[in-house]
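All chains should be built: construct the whole structure from the sequences, respecting the hints.
Residue numbers (this note's numbering), protein chains in the order written: chain A, 23 to 149; chain B, 186 to 626; chain C, 279 to 768.
Read the hints as simulated data drawn from the structure, not as lab findings.
Just so you know, these numbers come straight off a predicted model, no measurement behind them.
Misleading hints may appear alongside valid ones.
For lysine-lysine, the following DSS-like pairs were computed, each having C-alpha atoms within a straight-line distance of at most 30 Å [what the hints assert, rightly or not]:
no. : chain 1 : residue 1 : chain 2 : residue 2
1   : C       : Lys642    : A       : Lys149
2   : C       : Lys399    : B       : Lys242
3   : C       : Lys388    : C       : Lys579
4   : B       : Lys558    : B       : Lys575
5   : C       : Lys437    : A       : Lys73
6   : A       : Lys73     : B       : Lys338
7   : C       : Lys399    : A       : Lys149
8   : A       : Lys97     : B       : Lys338
9   : A       : Lys74     : C       : Lys437
10  : B       : Lys483    : A       : Lys85
11  : B       : Lys575    : C       : Lys579
12  : A       : Lys149    : A       : Lys85
13  : C       : Lys641    : A       : Lys149
14  : C       : Lys661    : A       : Lys33
15  : C       : Lys478    : A       : Lys149
16  : A       : Lys74     : C       : Lys478
17  : A       : Lys73     : C       : Lys478
18  : C       : Lys388    : A       : Lys33
19  : B       : Lys483    : C       : Lys338
20  : C       : Lys579    : B       : Lys581
21  : A       : Lys33     : A       : Lys74
22  : C       : Lys706    : C       : Lys338
23  : A       : Lys149    : A       : Lys74
24  : A       : Lys74     : B       : Lys338
The calculated label-pair distances, taken between Cβ atoms and stated as ranges, are [claimed, not checked]:
no. : chain 1 : residue 1 : chain 2 : residue 2 : range
25  : B       : Lys558    : C       : Gly304    : 14 to 22 Å
26  : B       : Lys558    : C       : Pro369    : 32 to 40 Å
27  : C       : Asp430    : B       : Ala578    : 33 to 41 Å
Among chain C residues calculated to face chain A with C-beta under 10 Å, some are [unchecked claim]:
no. : residue
28  : Thr483
29  : Gln744
30  : Ala747
31  : Arg749
C-beta: ideal position from N, C-alpha, C; glycine also.
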Amino acid sequence: MTYPTQFRYTKDHEWVALEANQAKIGITEYAQGELGDIVFVELPSPGTEVKKGGNLATVESVKAVSDVYAPVSGKVLEVNTQLESSPETINQDPHGAGWLVLLEASNPSEADALFDAASYERYLAEK
Amino acid sequence: MRYIANTDADRRAMLAAVGLASLEELFADIPQAIEDCFQPLRLPAQSEMEVARNVQKLASFNEVHCGSISFLGGGIYDHYVPSVVSHITSRSEFYTAYTPYQPEVSQGTLTVMFEFQTLICELTGMEVANASMYDGATALAEGVLMADRIAGKRRIAVSRALFPNYRRVLDTYCWAAGIEVVELPITKNGQSDTAAILDGLSGLVIQSPNAFGVIEELEGLKGAAGEALLIVVTNPISLGLLAPPGQFGADIVVAEGQPLGLSPSFGGPLLGLFATRKRYLRQMPGRIAGQTVDAEGKIGYTMAAQTREQHIRRERATSNICTNSALCALAATVYLSSLGADGLQKLAQLNLEKAHYLAEQITALSGYELAFKAPFFNEFTVRVPADPEKICARLKEEGILVEDQRSLVDVGLAGALRFAVTEKRTSEELDHLVTVLGGIQ
Amino acid sequence: MSTIFDCERPEGIGGLFPAPDVPTKGQENLIPSSLLRELAPRIPCLSEPELVRHYTRLSKLNYGVDDGFYPLGSCTMKYNPKINEDLVRLPGFAQAHPLADEQLIQGCLKLLFEMSGLLSKVAGLADVTLQPAAGAHGELTGMFLVKRYFEDRGEENRKRILLPDSAHGTNPASAALSGFSVTEIPSGGDGMVNLAALEKALDETVAAIMLTVPNTLGIFEERILEVTDMVHAAGGLCYFDGANLNAFLGRACPGDMGADIFHFNLHKTLSTPHGGGGPGAGPVAVAEQLVQFLPVPRIVKEDETYRFDWNYPQSIGCVHSFYGNFGVILKAYAYLLHLGDEGLCAVSENAVLNANYLQERLKKTYRLPYDHLCKHEFVLSGKEIAEGISTFDIAKRLIDYGFHPPTIYFPLIVPEALMIEPTECEGKETLDRFIEAMEQIAVEAKEAPQLLHDAPQHAPVRRLDQTRAARQPMLSYPFNDSADQEDQTS
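This is how it looks when you write it as structure tokens:
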């Protein structure tokens, strides 16, 4: 698949979309495929501070638990509460309606070091 | 060797297929230094008949115990077990099966787990129960660890009137986990002094009926506990009659399930019961069975919420428990369905009435009085006018078993004895006990 | 009906207990009404014939060792001797109360004492506790012992437990419950502990290493003595998980491999039944320097009498409400008596031969990531059998062939893992039938994959929807449909 060019991507299969200093974060199409049917999502409370690489959320499928790490540092503004009743949204639309967390990025330039869509696709091809 | 199917010819053929000359070569990967150290047990193989004879001889040393009348309690009781229970648990499809990791061939085990969980919720008045833990004491310890994971205060309060053996296990688990244990004293009534509850607790542990047999006042405890989780230790037979802890807002309920169709078996295997509220499900330890459907829409059962467990979460699991007490849970399920709610209530009534009859008869004797005025179920504590050791010894001579005072001394009461009375104690046996007591100087 | 709750019976049945033979007062006169139950629990009462039919029907939906081959790796599903089932029901044992006068339960004390002695010798260590009720419970007890040991030496800074990436999940879980942090050591290309990685991980903050020997790939750590020497040299202890003891029973002792602490799984190696998930027993053996920390009470022998001794001030305390799972220990004791030295040796010889035979024959069809002499079990991979086929599909298809599947997706270091442990009880004929089935399935995977995707087709139920079970948890009987539906959406 071709990954959205406006996102940046991490080695651990998170995506981040930056708009001004707001960072929307989710997991990629590849990640949701690896996990299988998602059954539960543990999201942080608004106001929580995270550092880049720190534990942001947890996604559970029937047979596995996966940590989601913050691609950039910041403070949690909003979380996707719809996922509480419909965790399968992540499987259906991981790059859109299945977003996880919206951060106020403290240092948006941290995203520059991440993969762009083309590099991420190459990274996946090598797996 | 009776349990090995291979013949010598089989072994030769397989060695040839693997390209080895002898069985010894199969162990070439074990360093010689280790094999050289090996010392056999110097145990000759015994035929089945000899094993039976030798082990039966050991059992025979306990003959006097078997022939005696038991008033022993402390969480393990001499209840009548309907014959049907052991016939079902002896079915090899149940006892030679493993953990139901392949649900399609384990619907027997999983359906029983689902029934058991439901029964425990009904008994305790709680919302979700697991499929068993090792025993009441470790179920309590796990409940405390769970409460601390949720509340995070690193401190719990425990009633002094908790069974001392449960307290010992709890102390060990809390020491390892770094959780401080503070004790709630007992009032003159034999109940926990809830006025003494502090702040900053993850959990509050109360047992009812408690180590003296006394029924605790659970009303208002949840409020008094504040932010701490209320953890109640109880007796499953008593719940046929008594208001369940769930009704009083308990967050976690644990118990020893042995009274539900298990023989005492010298204290093991036992059956840990564990129930909690739905909102705490993700923190609950142990296996759970859940209902689902198969590819044809037929109802079936499978292990649920496995992502809490060690095989997936590893060091972040809610517990390390893997093997539990599944076959004992089957016994309990069959036991309870043999009785039904009506039968369980009648059974509890029998226990209640017989215990109160005995208490009345004993306290009519000079120098014997109930240690506490508070209500009790089928176990009660009596202050005795002579040395408790002497009384126990005299009773033993008469074929009557009463526990020595050690457990009571451990919870702060000397000069007393505890009596447990079940439906099995006939009026002749009760009167006999009273007669013997009456004759002791 | 599918559960007991589907039986409609409003009134009770009775017939189990007689009427009271003492004058009764009535519960309202003995207990304040505020303490009495108002609502009866919804426990159904079945007539005995209905009850027996229900549970007999349920039992037939199960598959046990007595039904057929059960090659669950790491579980040692060996035959459960029937004599042991009879012995545990002897009234002298079944009726023994744990709080009875010591004089009256000498049979129990003697059995436990002798079993401790036997297990100490099997382990090649100094003493044993029989309290742990399961393997994981034994691991936890072992971790408690490690913690206490270093507390006693004033080395509380030792807060790390090392374990290989092939470790069973209970290992890190047990370490974490005891307040330790866990460091995973990557295995080498040969599947064994990588000594260089171990060297790097060892320092004065390491309390212990937890190893399974042979490891979860079924491979014996050939450098085990070096591994344990390295850990000891760094001041740490060596804990061995005894799940795989079947591999060298009767010919080697963990104590001679450098183990300081070793747990047994009586429901694996020593033939006690698995019971659908328990009860088991997980006794723990320890080296001399740890004996003083063992749980209390201990059983001591004076002349020909046995008694409990609580006087061990350094003990970690108690991990069980009484003395361990006596009924399970008894079965394992009888098993040891029956086997004797020659029987123990025959166990490992036949178990290891059976495993190597299966490995040799199956590696022609399935990927064998570590092609090495195995012990009592080995691990295949279902990867690349055919496009779109997973180990899950292979396992479910095996059910249609009348076999219980092997352990799947463990150890984690092998993708699409199939862990196969035949045990010593299976004969060559059974193994050959299993090989045939596995080969047939590999052919089907390429030529008729739908058979695997639709499997099982010949089990009591078809493939179960795990996702639904997880997303819509229904963990107890939905008595009143509408009320419970409300609960589920809230």
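Now for the hints, and whether the structure bears them out:
1. A distance of roughly 27 Å separates the Cα atoms of Lys642 (chain C) and Lys149 (chain A); the hinted pair therefore holds under the 30 Å criterion.
2. Simply put, Lys399 (chain C) and Lys242 (chain B) have alpha-carbon atoms about 24 Å apart, close enough for the 30 Å limit, and the pair holds.
3. Of the supplied pair hints, the one linking Lys388 (chain C) and Lys579 (chain C) holds, its CA atoms being roughly 8 Å apart against a limit of 30 Å.
4. For the hint pairing Lys558 (chain B) with Lys575 (chain B), the CA-to-CA distance comes to about 25 Å; that is within 30 Å, so the pair holds.
5. Of the supplied pair hints, the one linking Lys437 (chain C) and Lys73 (chain A) holds, its CA atoms being roughly 26 Å apart against a limit of 30 Å.
6. A distance of roughly 26 Å separates the Cα atoms of Lys73 (chain A) and Lys338 (chain B); the hinted pair therefore holds under the 30 Å criterion.
7. This hinted pair does not check out: Lys399 (chain C) and Lys149 (chain A) have alpha carbons roughly 49 Å apart, beyond 30 Å.
8. A distance of roughly 26 Å separates the Cα atoms of Lys97 (chain A) and Lys338 (chain B); the hinted pair therefore holds under the 30 Å criterion.
9. Distance check on the hinted pair: Lys74 (chain A) and Lys437 (chain C) sit about 27 Å apart at the alpha-carbon level, within 30 Å; holds.
10. Annotation: proposed proximity of Lys483 (chain B) to Lys85 (chain A) holds, straight-line Cα distance about 22 Å (limit 30 Å).
11. For the hint linking Lys575 (chain B) to Lys579 (chain C), the alpha-carbon distance of about 25 Å falls within 30 Å, and the restraint holds.
12. Distance check on the hinted pair: Lys149 (chain A) and Lys85 (chain A) sit about 21 Å apart at the alpha-carbon level, within 30 Å; holds.
13. Using a Cα cut-off of 30 Å, the hinted pair Lys641 (chain C) and Lys149 (chain A) holds, with the two alpha carbons roughly 25 Å apart.
14. The straight-line distance between the Cα atoms of Lys661 (chain C) and Lys33 (chain A) is roughly 24 Å, inside the 30 Å bound, and the hint therefore holds.
15. Restraint check: the Cα-Cα separation between Lys478 (chain C) and Lys149 (chain A) comes to about 28 Å, which is no more than 30 Å; the hinted pair holds.
16. Between Lys74 (chain A) and Lys478 (chain C) the CA atoms are separated by roughly 27 Å; this keeps the pair inside 30 Å, and the hint holds.
17. For the proposed pair Lys73 (chain A) and Lys478 (chain C), the alpha carbon gap of about 28 Å is at most 30 Å, so the pair holds.
18. For the suggested pair Lys388 (chain C) and Lys33 (chain A), the alpha carbons sit about 60 Å apart, so the restraint of at most 30 Å is broken.
19. Proximity of Lys483 (chain B) to Lys338 (chain C) is assessed by CA-CA distance (about 17 Å); at most 30 Å being required, the pair is judged to hold.
20. Proximity of Lys579 (chain C) to Lys581 (chain B) is assessed by CA-CA distance (about 23 Å); at most 30 Å being required, the pair is judged to hold.
21. The suggested pairing of Lys33 (chain A) with Lys74 (chain A) holds, with an alpha-carbon distance near 13 Å, which does not exceed 30 Å.
22. A C-alpha spacing of about 27 Å is found between Lys706 (chain C) and Lys338 (chain C), which places the hinted pair at or below 30 Å, so the restraint holds.
23. Simply put, Lys149 (chain A) and Lys74 (chain A) have alpha-carbon atoms about 24 Å apart, close enough for the 30 Å limit, and the pair holds.
24. Taken as a hint, the Lys74 (chain A) and Lys338 (chain B) pair is honoured in the structure, with Cα atoms around 29 Å apart against an allowance of 30 Å.
25. Between Lys558 (chain B) and Gly304 (chain C) the beta carbon distance is about 19 Å. The supplied range of 14 to 22 Å therefore holds.
26. About 38 Å separates the C-beta atoms of Lys558 (chain B) and Pro369 (chain C), a value consistent with the hinted range of 32 to 40 Å.
27. Separated by about 39 Å at the C-beta atoms, Asp430 (chain C) and Ala578 (chain B) satisfy the suggested range of 33 to 41 Å.
28. The interface hint given for Thr483 (chain C) is violated, since its Cβ lies 23 Å from the closest Cβ of chain A, which is over the 10 Å cut-off.
29. A distance limit of 10 Å between C-beta atoms decides the matter here; for Gln744 (chain C) the minimum to chain A is near 5 Å, and the interface restraint holds.
30. For the restraint placing Ala747 (chain C) at the interface with chain A, the shortest Cβ-Cβ distance is roughly 8 Å, inside the 10 Å limit, so the hint holds.
31. For Arg749 (chain C), the shortest C-beta to C-beta distance to chain A is roughly 5 Å, which falls under 10 Å, so the interface hint holds.
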